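Chemist: Residues per chain, in single letters:
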Amino acid sequence: MLIDAYMGLPESVPPLFWTVDAGYETERQALGRDRIKIINDYLQGYDSIDEVEADQLASLSMKIT
Amino acid sequence: MSKLHSEFYKKFKKATLALDAAKFMQVDSYIHNTLRNAMQQELPFIGEYKLIIKTRILREINALITIVGIAIVSISCFPNGAEYIDELDIVYTNYDDSYNFKNKSTFAVPDKITKIDRENFPDGPGFEPESKEDSLDTIPTIIQ
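Respectively, the protein sequence lines represent chains A and B.
The letter at position 18 of the first sequence is residue 18 when you use this note's numbering, and the numbering goes up by one with no holes.
The letter at position 85 of the second sequence is residue 1085 when you use this note's numbering, and the numbering goes up by one with no holes.
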């Protein structure tokens, strides 16, 4: 919505644009959920984070960056 | 996210103009980078929290030491406090007014401390030995 308003695309914009936009939004939301899960796991295991957990979290973080 | 942008930039460009695709990616990156930065600032670094706790404990210990130190100094310097040892301990003297101290060039101190109890003072409180011989274990040592 915010991006749509900023873009100021004309009504004549090809429907394919919105199809691509919807696909992008779906994948972006999935990435957002993965990021939140990583943050949640990080905070839950924060007091006892060890070598293995640190490696897993760092690897996952870099995958979705 | 950069992979996603790279993949979808091509798709957006095909669906519309490169200018619009670039504009979309730019504002989308701006929004998500801002959000990620805000989240990142709230997250503690690895080991940071333990360091904060250690620092806090050290500060509390230092504060406690300072307070105790001030209290000790305040009490010890209290103007109405004890200034002489006889204000802290029970001191018994048996002063003889008729004794001429000018004839003596030596003095004596007891080499033992008499415990004030029923055994040494069987008559209890108020008992006043008239001479040093009456007080048990207080035989003075003459120092030349």
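Hints in this document: simulated from the structure, not taken from any laboratory.
Computed from a predicted model, the values in this text were never measured in an experiment.
There could be a bad hint or two in this list.
[Said to hold, decoys possible] DSSO-like cross-link-like pairs, simulated, lysine-lysine; straight-line CA separation at most 30 angstroms:
no. : chain 1 : residue 1 : chain 2 : residue 2
1   : B       : K1013     : B       : K1023
2   : B       : K1003     : B       : K1013
3   : A       : K63       : B       : K1013
4   : A       : K63       : B       : K1054
5   : B       : K1023     : B       : K1010
6   : B       : K1112     : A       : K63
7   : A       : K37       : B       : K1003
8   : B       : K1112     : A       : K37
9   : B       : K1023     : B       : K1011
10  : A       : K37       : B       : K1102
11  : A       : K37       : B       : K1014
12  : B       : K1014     : B       : K1003
13  : A       : K37       : B       : K1054
14  : A       : K37       : A       : K63
15  : B       : K1102     : A       : K63
16  : B       : K1023     : B       : K1003
17  : A       : K37       : B       : K1011
18  : B       : K1102     : B       : K1112
19  : A       : K63       : B       : K1050
20  : B       : K1003     : A       : K63
Chemist: Compare the distance between the alpha carbons of K37 of chain A and K1054 of chain B with 30 angstroms, and conclude whether the hinted pair is satisfied.
Modeler: The hint holds at about 29 angstroms.
Chemist: Between K1014 of chain B and K1003 of chain B, does the CA-CA distance stay at or below 30 angstroms?
Modeler: Distance ~17 angstroms between K1014 of chain B and K1003 of chain B Cα, so the pair holds.
Chemist: K1023 of chain B and K1011 of chain B: Cα distance at most 30 angstroms?
Modeler: holds, 14 angstroms
Chemist: Check the hint pairing K37 of chain A with K63 of chain A against an upper bound of 30 angstroms on the C-alpha distance.
Modeler: With Cα atoms ~13 angstroms apart, K37 of chain A and K63 of chain A stay inside 30 angstroms; holds.
Chemist: Between the alpha carbons of K1013 of chain B and K1023 of chain B, is the straight-line distance 30 angstroms or under?
Modeler: Measuring from Cα to Cα gives roughly 11 angstroms; hence the hint holds.
Chemist: Given the proposed pairing of K1112 of chain B with K63 of chain A, does the C-alpha separation stay at or below 30 angstroms?
Modeler: violated, 84 angstroms
Chemist: Given the hinted pair K1003 of chain B and K63 of chain A, is their alpha-carbon gap at most 30 angstroms?
Modeler: At roughly 9 angstroms apart (the allowed maximum being 30 angstroms), K63 of chain A and K1003 of chain B satisfy the hint.
Chemist: Mind checking the alpha carbons of K63 of chain A and K1050 of chain B for me, to see if they're no more than 30 angstroms apart?
Modeler: holds, 28 angstroms
Chemist: Please verify whether K37 of chain A and K1003 of chain B have alpha carbons no more than 30 angstroms apart.
Modeler: holds, 19 angstroms
Chemist: Is it true that the CA of K63 of chain A sits at most 30 angstroms from the CA of K1054 of chain B?
Modeler: The given pair, whose Cα atoms are some 34 angstroms apart, is violated under the 30 angstroms limit.
Chemist: Starting from K63 of chain A, check that the Cα of K1013 of chain B is at most 30 angstroms away, please.
Modeler: holds, 25 angstroms
Chemist: Is K1102 of chain B within 30 angstroms of K1112 of chain B, Cα to Cα?
Modeler: With Cα atoms ~26 angstroms apart, K1102 of chain B and K1112 of chain B stay inside 30 angstroms; holds.
When each numbered hint is compared with the structure, violations occur for hints 4, 6, 8, 10, 11, 15.
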